[in-house]
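Participant: Residues per chain, in single letters:
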Amino acid sequence: MLQRLALLPCATAIVMASSLSFAQSPSPSGVKTLNPSGAIKTEGTWSLGRAGDFVFVAGMQGIDPGTNALVQDPEARVRQAFLNIRLIAQSEGASLQDCVRVTVYVSDLHRYAPMVDKAQAELWGKPPYPPRTMIEVRRLFDDDIVEVDSVFYAPAKKRVSLRARR
Amino acid sequence: MLQRLALLPCATAIVMASSLSFAQSPSPSGVKTLNPSGAIKTEGTWSLGRAGDFVFVAGMQGIDPGTNALVQDPEARVRQAFLNIRLIAQSEGASLQDCVRVTVYVSDLHRYAPMVDKAQAELWGKPPYPPRTMIEVRRLFDDDIVEVDSVFYAPAKKRVSLRARR
Amino acid sequence: MLQRLALLPCATAIVMASSLSFAQSPSPSGVKTLNPSGAIKTEGTWSLGRAGDFVFVAGMQGIDPGTNALVQDPEARVRQAFLNIRLIAQSEGASLQDCVRVTVYVSDLHRYAPMVDKAQAELWGKPPYPPRTMIEVRRLFDDDIVEVDSVFYAPAKKRVSLRARR
Numbered sequence: 001m002l003q004r005l006a007l008l009p010c011a012t013a014i015v016m017a018s019s020l021s022f023a024q025s026p027s028p029s030g031v032k033t034l035n036p037s038g039a040i041k042t043e044g045t046w047s048l049g050r051a052g053d054f055v056f057v058a059g060m061q062g063i064d065p066g067t068n069a070l071v072q073d074p075e076a077r078v079r080q081a082f083l084n085i086r087l088i089a090q091s092e093g094a095s096l097q098d099c100v101r102v103t104v105y106v107s108d109l110h111r112y113a114p115m116v117d118k119a120q121a122e123l124w125g126k127p128p129y130p131p132r133t134m135i136e137v138r139r140l141f142d143d144d145i146v147e148v149d150s151v152f153y154a155p156a157k158k159r160v161s162l163r164a165r166r
Numbered sequence: 167m168l169q170r171l172a173l174l175p176c177a178t179a180i181v182m183a184s185s186l187s188f189a190q191s192p193s194p195s196g197v198k199t200l201n202p203s204g205a206i207k208t209e210g211t212w213s214l215g216r217a218g219d220f221v222f223v224a225g226m227q228g229i230d231p232g233t234n235a236l237v238q239d240p241e242a243r244v245r246q247a248f249l250n251i252r253l254i255a256q257s258e259g260a261s262l263q264d265c266v267r268v269t270v271y272v273s274d275l276h277r278y279a280p281m282v283d284k285a286q287a288e289l290w291g292k293p294p295y296p297p298r299t300m301i302e303v304r305r306l307f308d309d310d311i312v313e314v315d316s317v318f319y320a321p322a323k324k325r326v327s328l329r330a331r332r
Numbered sequence: 333m334l335q336r337l338a339l340l341p342c343a344t345a346i347v348m349a350s351s352l353s354f355a356q357s358p359s360p361s362g363v364k365t366l367n368p369s370g371a372i373k374t375e376g377t378w379s380l381g382r383a384g385d386f387v388f389v390a391g392m393q394g395i396d397p398g399t400n401a402l403v404q405d406p407e408a409r410v411r412q413a414f415l416n417i418r419l420i421a422q423s424e425g426a427s428l429q430d431c432v433r434v435t436v437y438v439s440d441l442h443r444y445a446p447m448v449d450k451a452q453a454e455l456w457g458k459p460p461y462p463p464r465t466m467i468e469v470r471r472l473f474d475d476d477i478v479e480v481d482s483v484f485y486a487p488a489k490k491r492v493s494l495r496a497r498r
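Protein chains in written order, with this note's numbering: chain A, 1 to 166; chain L, 167 to 332; chain W, 333 to 498.
The hints are simulated quantities; they were obtained by calculation from the structure and are not laboratory data. Where a beta carbon is used, it is the ideal one built from N, C-alpha and C, also for glycine. A few of these clues could be false.
Derived contacts from chain A toward chain L, CB cut-off under 10 Å, selection only [to be verified]:
#  : residue
1  : Asp53
2  : Arg86
3  : Val102
4  : Thr103
5  : Tyr105
6  : Val106
7  : Leu109
8  : Ala113
9  : Gln120
10 : Pro128
11 : Tyr129
12 : Pro130
13 : Phe141
14 : Asp144
15 : Tyr153
16 : Pro155
Over the 12 Å line for every Cβ pair with chain L, so calculated as not near, a few chain A residues [claimed, not checked]:
#  : residue
17 : Ser37
18 : Gly38
19 : Asp64
20 : Thr67
21 : Ala69
22 : Leu70
23 : Gln72
24 : Asp73
25 : Glu75
26 : Leu83
27 : Val104
With the sequences and hints as input, model every part of the structure.
Facilitator: Written out as structure tokens, the structure reads:
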């Protein structure tokens, strides 16, 4: 991240203005890049999420933000993937209840679908759950067992008013 | 669904206000959960669709809403998946022509891609067709042959005026 | 495309009004269908992209718009897929910096992920990069090596003002 911040002289000011996210300057169309405090680190050509009315979160694996390594236990790893998503969404004022789309990629549908169900049931707590697609693919990064795509609805107007109340 | 409705004392009023969808109360950001009359039933941690300017429809398989079982004939099953999508989209005032994104997951690209083409050609009737991605994955739920993700554009303002005219 | 235009008597007028895209008439909800000059040709039940605040681009392969055939060299082919995306996005006034979501489907994660990274690094130039998911699937059309899904944020109001300045 240091490398990235170095590219943006105004980054320090942004960080001071918001305790929630280390946002880079918005794109020409006003898209923000999300990098909330406590989130996992990125390396390479991708970001954690981007927002503009909707929050688009990168495919999340069960990486522990504390160690930036995959959580060992499969059930805990699946749960961690959703925790990572929740943190990024919350940094934009969106809750799991604002999730409009989940795509779950697993390495073994029979084995991991129940763990996904369990993690979602626990973290969402009750319906409504988001529309979902779950598929078994041939390979994920790190030969991982699960990766989750997600989109949240978080209109800018709403987010502004949420922040004003804090 | 009875189980879900039980969680929402206001559900009856919502049902009476709209003959189109048994909507749950919106999320903090105003996301609605879709469960239109005549749609397939959901079990587990997912919903049929959610809306807020865009309608996000869950991955749809060729399930007959009458029996909640997969349609037997492959060609009819592929078509049923799109019919299920259309019903959910229409419950929000969106037509197939308002579809902005389709992702088609199949178990055999050579075998089922032509059936997808045929079903779309018949149901859309003519261009424009939505942007599409079709990939062969290792496994779908129920060892199914096709599952379709979709997103529709249906601005709230437009939907309100459509409803007012009914 | 001639076949498509024949369905729309007003197409000529639209083409004359915009040198950027051969747009078909918008859907009931105002969704435009994108077919910018210089883009690859479509055959079958899909379009290159559709727009309404967001630009949804079809899964792009490394097809050379000049020949409508796949680029031979793997690295150049991966790069071409992103060039095709960029052209479609730019036709709506969106830059790569306005990309909010990328899903990369590859036939071999170990072999092609580095090429995807390299192409993105070169074409984006610097962070922020879009949120991304990359997965290895069993098969792509034409037994291809890479296909890329993408979504861009390009609010209509912004696009109008961008065009007014041209």
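Participant: Against the earlier hints, flag every one the structure doesn't satisfy and list their numbers going up.
Facilitator: Numbers 2, 13, 14, 27 - these are the hints that the structure violates, sorted from lowest upward.
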